[in-house]
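Visitor: So the protein lines, in turn, are chains A and B.
Counting from 12, one number per residue, gives the positions in the first sequence under this note's numbering.
Counting from 12, one number per residue, gives the positions in the second sequence under this note's numbering.
Any given hint could be a false lead.
Repeated chains share a single entry, so a pair holds when one copy, or any two copies, can fit it.
Unchecked claim - Below are the DSBU-like pairs computed for lysine-lysine, each with C-alpha atoms no more than 35 Å apart in a straight line: (1) 41 to 369; (2) 380 to 651; (3) 580 to 380; (4) 214 to 41; (5) 380 to 214; (6) 369 to 214; (7) 488 to 369; (8) 214 to 580; (9) 580 to 651; (10) 488 to 41; (11) 369 to 580; (12) 488 to 214; (13) 651 to 488; (14) 41 to 580; (15) 41 to 380; (16) 488 to 380.
If you are wondering where the hints come from, they were derived from the structure by calculation, not from laboratory data.
Quick caveat: nothing in here was measured; it's all calculated off a predicted structure.
Number of protein chains: 2
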Amino acid sequence: MSDVLFVSVALLAGLLSVLVSLLSYRAVMKADEGNENMREVSRLIQDGAVSYIRIQYRILGAFTAVFALIISLAFGELGPPIAISYIIGSTASMSAGYVGLAVATRANRRTAAAAADGGLNPAFNIAFRAGSVMGLMIAGIALVGLTALYWLWDFVFPAYDAPVLWEILTGFSFGASTVALFAKAGGGIFTKTADMSADIVGKIEQQIPEDDPRNPAAIADAVGDNVGDVAGTGADIFDSNVAAILAAALLGATLDVMFTIPFAYSLLPLLIAGLGNIASVIGIFFVRPDCCDDPGTALDRGTYATTGIFMVLILTTLWVLQIDLMIAFSAIAGLVAGVFIGITSNVFTSQRGLFGFKPLMDMVDDSEKSAANLILSGYSYGLLSAVPSVLGVVAALVASFIFGITATSPGLGVWQGGIYAVAISAVGLLATNGFTMSSDSYGPIVDNARGVIEQADASEEAIIACDRLDAAGNTVKAITKGFAIGSAAISVLALFAAFIESVDALLAFEISVNLADPFILAGAFIGALVPVTFSAFLILGVDRNAGRMIEDIRRQFDEDPGILAGTSKPDYDRCISIATSGAIRELMPSTLMAIGVTILTGMILGLEALAGYLGGAVIMGFIMALLMSNAGGAWDNTKKYIESPDYNHDDPRYEQIHDNAVLGDMVGDPFKDTAGPSINTLLVVISLTATLFLPIIARLNVWFISLF
Amino acid sequence: MSDVLFVSVALLAGLLSVLVSLLSYRAVMKADEGNENMREVSRLIQDGAVSYIRIQYRILGAFTAVFALIISLAFGELGPPIAISYIIGSTASMSAGYVGLAVATRANRRTAAAAADGGLNPAFNIAFRAGSVMGLMIAGIALVGLTALYWLWDFVFPAYDAPVLWEILTGFSFGASTVALFAKAGGGIFTKTADMSADIVGKIEQQIPEDDPRNPAAIADAVGDNVGDVAGTGADIFDSNVAAILAAALLGATLDVMFTIPFAYSLLPLLIAGLGNIASVIGIFFVRPDCCDDPGTALDRGTYATTGIFMVLILTTLWVLQIDLMIAFSAIAGLVAGVFIGITSNVFTSQRGLFGFKPLMDMVDDSEKSAANLILSGYSYGLLSAVPSVLGVVAALVASFIFGITATSPGLGVWQGGIYAVAISAVGLLATNGFTMSSDSYGPIVDNARGVIEQADASEEAIIACDRLDAAGNTVKAITKGFAIGSAAISVLALFAAFIESVDALLAFEISVNLADPFILAGAFIGALVPVTFSAFLILGVDRNAGRMIEDIRRQFDEDPGILAGTSKPDYDRCISIATSGAIRELMPSTLMAIGVTILTGMILGLEALAGYLGGAVIMGFIMALLMSNAGGAWDNTKKYIESPDYNHDDPRYEQIHDNAVLGDMVGDPFKDTAGPSINTLLVVISLTATLFLPIIARLNVWFISLF
């Protein structure tokens, strides 16, 4: 009985999210599109985004088709259902990305128009509503997709047992994560390619202003912001959320089988995620521009409401279901860790600091010494920023494990129960992602609206209103970035546990990932190299891709002097196409490498070494992601601070100091927007590769050993 | 019987090294000291080095005394012998550093004089002889110290069993490694403080040339080269060598006890190290300037001779002793890995590249784009440079383990035999450190000689001779740097295994460092943070320390205008004193933190988590060390290439391109000379802390758990 109930609640909650998302979309679309100027600028960005999506999805579609074919052939009898799950997972992620991008690129001019007509409050209302389209959509689709698939294989074609069923659903998660890797890392290469090329040819070579419409890369640059921040982050969170639910379900299925409990623990993650969705939908309505005197406070109010409602819901539900509340505490521990990571990352990247420890102000001082000092201190503080985040994750990990092994409901209170609770902490952290992602997507929308309004000669008040909206967006964005990294880390830890559980199930004995075993230690070393190599390839990829685009911009200027004179239009689409296909060309080898090395490690060194490999990858990857995201953020904000009125612009060396800060920001750009945040997704992809392909890797390993 | 034989051979080989070192010292001292100019410049450096040593050793002496007291109190009955070993280890390392620094700062003017009088060959002869003083001294003292202590506690006061005896000798290694940390990391902060301050006040503010004697930091800068490259690297290699021997001995003692073999495996590492010393002493005599037409070839000849002789010696000896030759192969596997790491690191930092893959030339291209591109590509190639090195270590690890478990001598052929073979590979890698370090120390000597000769208005031919000597020195230095990092990594892996073996012995059951256990995973995460935090502190420490020194240089210029006019002498000693005491002040907290966190992790999370902690630290630390050393080296060489005649200086943008390259070099300086190479030593220190303090940590853990 509990299975139908749990799945129904999850499905309905998912449908509710999707419905509210669509209603918000309609509401946003009805708003005034602003004057001719606003519409023109915004339309170019909108069309550019469509070009990007068209090219990327064509390549992704081909990739998905090939992979689906491989899967359906490699897995024997289970091949077709896994391939179908995989295709649906890819499609779900792509659809969510599409919706987010569509609404974001349409909402910017409407936000701008509202700011120009009615000021702060109406503009905030539209921007946040538009953000919630993306937020609720990804949260909703995750649940609808997973429950629909569960229903399909359990009720409609009831051919599979619970553990096998979750293996089939791993295909969904794998699909979501490969798409997310392209969206996040590919989007990251795209946006930085455009940014760098526009600056080098436009600002440096031709000395035209930033964002000048004569620059053929200008639209690609604006599209890049949406591509990276809206579609990329959305796909990233979607994928972490699905992975967390799936890992917890896989571990729960083991508990269910061990203790012959019908589906309680395997389906509980879906239920918790459903409760999170409900809390998010309600939380959205707490964000009212007229509630508070500041957009930031309004967003905070929504966060508190969502979190509070979610806690009440989960505690009540578990109490009613007579499941030990320790499981609820695990979910809450995850949530607390996520918030902690977001806040502490912000200490290293905002001028506020904490208790007099102000890294950003040190970096401002270093900008006055030399660019080298600034680079060195940004790098050092980036390293240090990993400390609280790692400790936060470690605390959540240990606490939820202890909660799980001390819980008293049937099936809990054992080692596996503890590990299950760790996975639940990841589910808890991501349960309210509908709300988190809504306020995150709000950021790039108001950022874009500010750009639109500036080029559309709007009133001074309208610009000030947009600035205030933007400031609130930046703070949220900084916190979400940490949150996204933390949630991915905990999800990956859950996947790591799920992988080990799957190996145990497959080999029918408990494996030990004993680092004292040279093979396993070797695996851990190789795993640690994966995020290292991947980041290097991404950064070098931006460099190479920018080289191609710079060449094309120069060619356009050479062939048609009318472009610089402003009499003829540059070919914006050409730049978008170079950035898109170049990004995928740079990314494809690293992605295939990551998947290939994962399979090869398991084949050559064995399944226990493969577990060591995942462990090495997550330790190294988590820390590198924090280093690069936070160092990049800190350099960016150092530059912003030096440009702000808070800084003394009368210093005779101001120009030099500003140049130093600009250099820091340029170094930080691919750190924070390309390599850093992509590592999360990479970790999810390789963990899922190991889990999904486990039976095949095991057979390859047996074959490889037989060679000797 | 075998114990007396093994120990005697080791002791005699050690004494032989020390003797040859002293004879070389006498020979070098007899050489002509050059003209008045050369003597004056060189004397200032020599006196500066004495100032540095005096200040540093005073603080280190106090530190050693306090720590010795703590040890003798904390270890109960074993306290005094461990404390004595510890004091002797510290003193041995300090003496070796002193000798190296003394000869290096005296040999530079003699090399310069020989180059001026006789040209290339005599100058090469003196420089290499002087280098061999340091090389053979550190190799010899390691053996003399260890065997003398063994003799003391085994024959003179035969109160201890073999395993306890090796625990007492761990104190020697701990002493060597704490001194090495101060020598390497403290020296690294010293040299970069001086370098940065001299540049900022001298070159930028006052626009006086580099190395100008009017700059109060000029001598500190020159001393810094010797302090970092001679004393620092020497202490680092000394410490890795002792740690490798000790780890293998600890593991060997377990085998001896398990299979009741009298002392064969525990003393074999000493014997192997002794054979390496003999090979090094003979190898030194193969380096003859008149043998080849190029100093580099002469050095290579010595390397081949030493390696060949060592291989013959170890194969013959093990064959005579009827120990399975697989153990010799393990030692050779380590050696091969070390050379492989050195060579592949060089691919990323030299213009030659490999198979058309030329990272350095890409970086030269990036310098033409912008400084940001150069920083980004240097960082990326630094990351990628970790790949072959890690794979080299992994291959040595897995190969030697397989050799050990397939060996057939009594006591081998089991899991512990495999682990023992891993430790032997570290011993093999470091056995010929007497020769390796000789050719490495040659580098800074000729580098300094070149500086002396330039300021002493010598002939053009003499300068060219010195340039050729210097070029050979740079190649050797690049390879040794990789070698040092690789050898430390393998030594730390051996220590890691020794730690686990000690825990097994203490708890009387086999522990498992199972990463699937949340506590152990938590330990691994915390361990990974240690090198991360340590590097950040070192880099920020350079920044802060340079701030203090800059202030003092400005004060000197202000208070005495005669300094800039060249009529009065600046206070060189004041700068040396600031750099030295500042370096230790910046380093002390990080060192105590590393030791403290190690003990706390074991106390709170338990001994198995402490093993996870060491594993996390070595994985993260090894990769970070490679990233920072190699990125730094690549930036340095990019600048050198752009300054060389190979590069087109007529480019109208040359000045900008050169500025970009200089910036890369400035960022790279603390990477490659402070943080990167210090991580090795840090890893040794924390591994030894865990091993040495194990009984105390175990008691603290029991107490901590009893609180709940």
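Visitor: All the hints need checking, so say for each whether the structure fits it.
Guide: Here is how each hint holds up against the structure:
1. 41 to 369: neither (45 Å within a copy, 57 Å between copies)
2. 380 to 651: both (18 Å within a copy, 24 Å between copies)
3. 580 to 380: Classified as between; 27 Å across copies, 43 Å inside a copy.
4. 214 to 41: Classified as neither: same-chain Cα gap 38 Å, cross-chain 64 Å, threshold 35 Å.
5. 380 to 214: Answer is both; intra-copy 25 Å and inter-copy 13 Å each pass.
6. 369 to 214: Answer is both; intra-copy 32 Å and inter-copy 30 Å each pass.
7. 488 to 369: Result: close within a single copy only, 20 Å intra versus 39 Å inter.
8. 214 to 580: within (18 Å within a copy, 49 Å between copies)
9. 580 to 651: This pair counts as within: shortest intra-copy Cα distance 32 Å, inter-copy 45 Å.
10. 488 to 41: within (27 Å within a copy, 69 Å between copies)
11. 369 to 580: neither (47 Å within a copy, 40 Å between copies)
12. 488 to 214: For residue 488 and residue 214, the Cα distance is within 35 Å only inside one copy (27 Å; across copies 42 Å).
13. 651 to 488: Answer is within; shortest intra-copy Cα gap is 15 Å, inter-copy 42 Å.
14. 41 to 580: within (31 Å within a copy, 80 Å between copies)
15. 41 to 380: neither (52 Å within a copy, 47 Å between copies)
16. 488 to 380: Close inside one copy (30 Å) and across copies (31 Å); limit 35 Å.
Hint compliance for this structure: hints 1, 4, 11 and 15 are broken, all remaining hints hold.
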